[in-house]
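Chemist: Chain by chain, the residues:
There are 2 protein chains.
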Amino acid sequence: MGAKGRDYTACLIVIGNEILSGRTQDANLQHLAVTLNGWGVRLREARVIPDIDQTIVDTVNACRASFDYVFTTGGIGPTHDDITAASIAKAFGVGLVKHEDSFRAMAARYPDQDDFNASRQKMCFIPEGAEAIDNSVSIAPGFQIGNVFVLAGVPSIMRAMLGTLRHRIVGGDPVQSRTVNVFLGEGAVAEGLAAVQDRFPETDIGSYPFYRDGVFGTSLVLRDTDPARLDSALVEVEAMVRSLGVEPQRIEA
Amino acid sequence: MGAKGRDYTACLIVIGNEILSGRTQDANLQHLAVTLNGWGVRLREARVIPDIDQTIVDTVNACRASFDYVFTTGGIGPTHDDITAASIAKAFGVGLVKHEDSFRAMAARYPDQDDFNASRQKMCFIPEGAEAIDNSVSIAPGFQIGNVFVLAGVPSIMRAMLGTLRHRIVGGDPVQSRTVNVFLGEGAVAEGLAAVQDRFPETDIGSYPFYRDGVFGTSLVLRDTDPARLDSALVEVEAMVRSLGVEPQRIEA
Chain C
5 MGAKGRDYTA CLIVIGNEIL SGRTQDANLQ HLAVTLNGWG VRLREARVIP DIDQTIVDTV
65 NACRASFDYV FTTGGIGPTH DDITAASIAK AFGVGLVKHE DSFRAMAARY PDQDDFNASR
125 QKMCFIPEGA EAIDNSVSIA PGFQIGNVFV LAGVPSIMRA MLGTLRHRIV GGDPVQSRTV
185 NVFLGEGAVA EGLAAVQDRF PETDIGSYPF YRDGVFGTSL VLRDTDPARL DSALVEVEAM
245 VRSLGVEPQR IEA
Chain V
5 MGAKGRDYTA CLIVIGNEIL SGRTQDANLQ HLAVTLNGWG VRLREARVIP DIDQTIVDTV
65 NACRASFDYV FTTGGIGPTH DDITAASIAK AFGVGLVKHE DSFRAMAARY PDQDDFNASR
125 QKMCFIPEGA EAIDNSVSIA PGFQIGNVFV LAGVPSIMRA MLGTLRHRIV GGDPVQSRTV
185 NVFLGEGAVA EGLAAVQDRF PETDIGSYPF YRDGVFGTSL VLRDTDPARL DSALVEVEAM
245 VRSLGVEPQR IEA
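Chains C and V supply the protein sequences, listed in that same order.
Count along the first sequence from 1, add 4, and you get the number used in the working numbering.
Count along the second sequence from 1, add 4, and you get the number used in the working numbering.
A hint or two may mislead.
A pair counts as met if it fits within one copy or between any two copies, since identical chains are not told apart.
Unchecked claim - In silico lysine to aspartate or glutamate, DMTMM-like type, Cα no more than 25 Å apart, as pairs: (1) K126 <-> D202; (2) K94 <-> E49; (3) K102 <-> E132; (4) K102 <-> D235; (5) K94 <-> E195; (6) K102 <-> E195.
Since the hints were derived computationally from the structure, they do not count as laboratory data.
Whole structure, please, built from the sequences with the hints as guidance.
Modeler: See below:
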């Protein structure tokens with residue numbers, strides 16, 4: 005755990021034309037956000053960008069200067085549109101080098117030299133100075149260079165890679181959350197909620213409308229790294245809801 | 005339809021702490037991407053940012069200078085964290101003004117003055133010079149100012165708003181796509197696919213691995229605004245797959 009009271013921040017860069025064309029729904033942002041919450045790191049921004057070399061270079065360089073950690077997903081496979089490793093090497097001003105352990109492991113998986121072709125060999129090249137991130141699913145490694153962590157786009161592989169990174173991430177206190185559902189519109193609770201937010205400026209208080217079983221309601225979500233402060237704010241939110249003549253429903257996480 | 009051969013580009017800005025915390029999965033990017041494809045506009049980037057005034061101002065100003073169209077979702081409700089309208093007014097250097105039609109419609113929905121409170125009234129204020137975007141679901145309007153279109157975050161409302169915008173968007177030729185599934189790994193088709201891509205530089209060719217019914221395969225996706233060129237590239241991709249001893253499966257869209 006890092007310094008008390010400091011926020012540790014992260015940015016996700018989703019690299020892939022298939023997300024921007026609408027072909028594929030991203031399935032990695034939510035998993036990364038929840039995992040980082042538990043590690044005391046807050047996901048502060050995400051960008052979805054196409055497989056264009058200069059766009060990747062510029063985006064990675066902008067984001068690694070602005071956030072403690074940058075994660076990328078996508079573009080580390082064997083095909084011509086998989087350019088992430090080369091673009092990130094360029095962003096750092098280094099070349100690509102063969103990662104020998106991965107190369108040996110992949111050569112063993114494809115004993116026929118025709119199968120272990122140039123396209124598959126490409127996946128074993130990572131930027132000079134990068135540290136590989138193990139991939140227990142399909143061998144081809146991700147990598148870390150500086151504060152940038154390069155992961156696969158396929159969700160099962162992305163999760164396997166992320167799961168190996170806990171010890172490389174320094175975070176603060178984990179963010180905890182409390183949720184209260186009320187069967188009132190957002191407009192009915194807005195004023196009272198703003199008053200609680202004013203008294204608890206360090207607690208992140210949000211409200212999200214829902215419609216369920218024919219009834220409109222609002223989820224009130226409080227988030228904070230300090231559990232005592234979080235519970236004090238929760239008590240005030242619940243009292244505010246009761247003052248409107250409605251019983252709040254606390255939702256267990 | 006706009007000028008032939010010109011690409012019309014768009015960027016989506018998703019505004020909302022609830023996406024970045026992992027509480028909520030975005031459900032608007034894919035719908036926007038597919039809708040814009042049909043209108044001859046390509047979604048080129050998406051950013052997910054928190055409910056922070058300066059972040060919204062800076063992101064909107066950066067994106068509206070870089071893309072033909074900018075769409076935002078989220079943050080136009082009645083609560084304290086709904087700051088999108090105010091931040092976008094600030095980005096354009098204008099104030100907020102009451103949108104009279106929406107104000108009257110909402111006053112009629114909430115005949116009791118206690119219900120039509122300041123929080124709900126806030127939703128009827130839009131930047132000076134903006135044009136409202138009708139909301140058939142919950143009255144509170146979205147708005148367009150310059151090339152920026154401000155939509156609700158709730159998917160049903162976002163879709164209703166977007167559906168009214170066709171006549172305000174000038175696009176080029178719609179992007180069409182063709183998909184071929186092959187029961188081969190990406191690494192097996194990579195070299196042949198790159199050769200087709202080289203011959204068809206204007207066609208966007210991507211490959212996406214899948215695992216279904218216990219079998220690994222790869223979806224090959226071709227996208228182009230020119231249907232004749234697209235079909236020529238498709239024929240070459242299918243011939244390449246057959247040369248590897250596998251029958252390609254054309255997937256109807």
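Chemist: Looking back at the numbered hints, which does the structure fail to meet, lowest number first?
Modeler: 4
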